[in-house]
Structure formats: C-alpha cells, structure tokens
Amino acid sequence: HTVRRQSIKRGEPRQMPSLPHTAESTVREEHFSSRRKQLEDYLTNILKMPMYRNYHGTMEFVGVSQLSFIHDLGPKGIEGFIMKRSGGHRIPGLNCCGQGRMCYRWSKRWLVVKDSFLMYMKPDSGAISFVLLVDKEFNIKIGQKETETKYGLQIDNLSRSLILKCNSYRHAQWWRQGIDEFIRKHGKDFLTEHRFGSYAAVQENTLAKCPDSPIYTSLFNLVSWVVEYEDELLCLQATSAVGFIYLYFLRLSPEIFMKRPVVEGNRWRLDCILKRKA
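Heads up: the sequence shown at position 19 corresponds to 19 in UniProt numbering, and the numbers run straight through without jumps.
No lab work stands behind these hints, which were simulated from the structure alone. A hint or two may mislead.
Below 20 Å or equal to it, Euclidean Cα-Cα: the simulated EDC-like pairs (lysine to aspartate or glutamate) are [to be verified]:
hint, residue 1, residue 2
1, Lys188, Asp72
2, Lys108, Glu60
3, Lys136, Glu193
4, Lys122, Glu60
5, Lys141, Asp115
6, Lys76, Asp189
7, Lys259, Asp271
8, Lys84, Glu60
9, Lys150, Glu137
10, Lys76, Glu29
11, Lys136, Asp180
12, Lys188, Glu204
13, Lys185, Glu137
14, Lys185, Asp72
15, Lys48, Glu60
16, Lys136, Glu181
17, Lys185, Asp115
18, Lys275, Glu255
19, Lys165, Glu193
20, Lys84, Asp124
21, Lys188, Asp156
22, Lys84, Glu193
23, Lys136, Asp156
24, Lys76, Glu60
25, Lys76, Glu193
26, Lys108, Asp72
27, Lys259, Glu181
28, Lys188, Asp115
29, Lys165, Glu146
30, Lys277, Glu255
31, Lys185, Asp156
32, Lys275, Glu264
33, Lys165, Glu60
34, Lys141, Asp156
35, Lys76, Glu181
36, Lys141, Asp124
37, Lys277, Glu264
38, Lys84, Glu146
Please construct the entire structure, taking both the sequences and the accompanying hints into account.
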C-alpha cells in the first residue's frame, strides 16, 4: 500500500476517517440512532477514497463486486465468498471420470445472485467461471444429509447440481434464505413453465424496433421463435436440410445448444449439427 499511498492524486482525500472509539456495550439505547449515524458517516467517508473503495477487503465487507450495479444484469442480490465443489453437471462430459469424494475439488469463489441466474467468479482475476440459470427445476437444499457436506448448500437446476460449503449452519441458512427470497421476488417468472414449454415468460410491450426491411423483419420474428420455442424449430429445419444451411446472425456462438435442457450430450449443439450434416 506504500506505492498506492504515494500515487494518490492531489485533491483526493488522504486522511483516514476515524472510527468511533466508544465500545458498543457502553452505548445507551437512547444513543443508538446517533451511533448508527456515526458508523454510516465512517463507511461513507471510506467509500469516497478510491484506495480503500477498490480494496478487496472493503468490497468483501460491503458485499459488492464489479458486476453488482450493472443495470442490464438486473437488481443486486446477495454476494460473498463461498467454497464450491467441482462436478455436479448433468451434461455428459463435463464431470471428471472418477467417482466419490476423492475426485472432488474445492475452490474459493465469489458468488453473485441475480434475478435470473447465479454465477461465481475467480477472486484473483474476477473472471466468471460458471453461470447457473434459474429455471423450473431450481431448488435449494441444505444440510449434511442432502449435500454430503458439513454446512453444505445444494442448488439444483436443469443443467447442474451445485454444492457449496459454508462456514457454519447459520451461514448456510443465511445463503439459502437470501437466495430463495431474492429469486422468489425478482425471478419468479423463470420458476414455472410457459407457453410452448419455454423457460421465458411472454413479454408484453418490450422495447424493440426493427427497420422497415423484409430481412430485418424476418430476423425480428426469428428472435420470438428462439425465445418461445427454445430453438427447436430452427433445430428441426437444420437437421432436415439437404442442400445448404444458411445462418444470418450478427453474433452467434457455435457452441449454442439448439435443444434445451441438454440431455443427449453434445448431439444438439450447433457446431455438432453442422458437422453431422456436412
């Protein structure tokens, strides 16, 4: 931190705010409101200083990350460090070949809860390691009997059964309650099945506009197909093609699964379909 202190720009606050010295046990009940205000002012002053605001210990204490307040990712849910266990994928080929506890690996990750998904990131680089979508099979279990882990937390969806390890049973209960309440409040549309078996609810009055062109109109209609039919119509058209398959997308991952949930390995992955047809 010596280098950081020397590199602070002029005009930035340098003096460390002072924490109230009065012990919590000696504060009278009638002074609780003023004590709360002192602590709020202290945290506010800390967060005004870039050196302390961007410090990983401060971010962990406040429970925020670089993805907390991105509007397009939805409202902010609870966040924090957690130990996650490898494996649990329902997609063939993503789990290791071994069986039993000796094959598992525990890693420390930063868990982020959003309205339609959960994800965890590597604490050193901030790289996103995995995203767990909220769907109709989303469920949370707690306890050693359910998770085979002391203070364990199990989060299930159609594609994975994710095992997390907490510091205590109370910590596990805090995560379970926080995730469940947040998803029930902000992501309830993803917990039930919708029209045409889609995971997504029908969106009325959505902000979308396409130019007056037959090509763009077709693409606009194609978006509705992708959302409501989960790409199955496109998949059927691709598999029944004889002469050629024409793809017109601005951005398209070749590893997208045209049928979901994934229950047949990579059979319905786009690149595998194209390779089969070729």
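To see whether the hints hold, each was checked on the structure:
Between the alpha carbons of Lys188 and Asp72 the distance comes to roughly 18 Å, so the proposed pair stays at or under 20 Å and holds. Using a Cα cut-off of 20 Å, the hinted pair Lys108 and Glu60 holds, with the two alpha carbons roughly 13 Å apart. About 6 Å separates the Cα atoms of Lys136 and Glu193, which keeps this hinted pair within 20 Å; it holds. Restraint check for Lys122 and Glu60: satisfied, since their Cα atoms lie roughly 13 Å apart, inside the 20 Å limit.
Distance restraint check for Lys141 and Asp115: the Cα-Cα separation of roughly 19 Å lies within the 20 Å cut-off, and the hinted pair is therefore satisfied. Restraint check for Lys76 and Asp189: the C-alpha separation of about 17 Å stays at or below 20 Å, so the hint holds. Between Lys259 and Asp271 the CA atoms are separated by roughly 13 Å; this keeps the pair inside 20 Å, and the hint holds. Taking the CA atoms of Lys84 and Glu60, the gap is near 17 Å; set against the 20 Å cutoff, the hint holds.
Proposed proximity of Lys150 and Glu137 is contradicted: the alpha carbons are some 24 Å apart, above 20 Å. This hinted pair does not check out: Lys76 and Glu29 have alpha carbons roughly 32 Å apart, beyond 20 Å. Restraint check for Lys136 and Asp180: the C-alpha separation of about 14 Å stays at or below 20 Å, so the hint holds. Restraint check for Lys188 and Glu204: satisfied, since their Cα atoms lie roughly 17 Å apart, inside the 20 Å limit.
Between Lys185 and Glu137 the CA atoms are separated by roughly 17 Å; this keeps the pair inside 20 Å, and the hint holds. Annotation: proposed proximity of Lys185 to Asp72 holds, straight-line Cα distance about 18 Å (limit 20 Å). Straight-line distance between C-alpha atoms of Lys48 and Glu60 comes to about 16 Å, which keeps the hinted pair within the 20 Å bound. At roughly 16 Å between alpha-carbon atoms, Lys136 and Glu181 fall within 20 Å of each other, so this suggested pair holds.
As the CA atoms of Lys185 and Asp115 are separated by approximately 8 Å, the hinted pair is consistent with the 20 Å bound. A C-alpha spacing of about 12 Å is found between Lys275 and Glu255, which places the hinted pair at or below 20 Å, so the restraint holds. For the hint linking Lys165 to Glu193, the alpha-carbon distance of about 30 Å lies beyond 20 Å, and the restraint is violated. A threshold of 20 Å between alpha carbons decides the hint, and for Lys84 with Asp124 the separation of about 16 Å falls inside it, so the pair holds.
Restraint check for Lys188 and Asp156: the C-alpha separation of about 16 Å stays at or below 20 Å, so the hint holds. With a CA separation close to 29 Å, the supplied pair Lys84 and Glu193 exceeds the 20 Å bound. Pair hint Lys136 plus Asp156 holds up; C-alpha atoms about 10 Å apart against a cutoff of 20 Å. A C-alpha spacing of about 15 Å is found between Lys76 and Glu60, which places the hinted pair at or below 20 Å, so the restraint holds.
At most 20 Å may separate the alpha-carbon atoms for a hinted pair to count; Lys76 and Glu193 exceed this at roughly 25 Å. A threshold of 20 Å between alpha carbons decides the hint, and for Lys108 with Asp72 the separation of about 27 Å lies outside it, so the pair is violated. Simply put, Lys259 and Glu181 have alpha-carbon atoms about 30 Å apart, too far for the 20 Å limit, and the pair is violated. Of the pairs offered as hints, the one joining Lys188 and Asp115 holds, with about 8 Å between alpha carbons and a cut-off of 20 Å not exceeded.
Under the criterion of a C-alpha separation no larger than 20 Å, the hint pairing Lys165 with Glu146 is consistent with the structure, at around 12 Å. Proposed proximity of Lys277 and Glu255 is supported: the alpha carbons are some 16 Å apart, at most 20 Å. The hinted pair formed by Lys185 and Asp156 meets the criterion: a straight-line CA distance of about 18 Å does not exceed 20 Å. At roughly 16 Å between alpha-carbon atoms, Lys275 and Glu264 fall within 20 Å of each other, so this suggested pair holds.
For the given pair, Lys165 sits about 18 Å from Glu60 by alpha-carbon distance, which is consistent with the 20 Å threshold. Our distance criterion of 20 Å between C-alpha atoms is met by Lys141 and Asp156, whose separation comes to about 8 Å. In summary, the hint linking Lys76 to Glu181 is supported, as the alpha carbons are separated by about 13 Å, within the 20 Å threshold. Note on Lys141 and Asp124: the hinted pairing is violated, with a Cα-Cα distance of about 29 Å set against a maximum of 20 Å.
For the hint linking Lys277 to Glu264, the alpha-carbon distance of about 18 Å falls within 20 Å, and the restraint holds. Of the pairs offered as hints, the one joining Lys84 and Glu146 holds, with about 15 Å between alpha carbons and a cut-off of 20 Å not exceeded.
Violated hints, listed in ascending order, are 9, 10, 19, 22, 25, 26, 27 and 36; each of the other numbered hints is respected by the structure.
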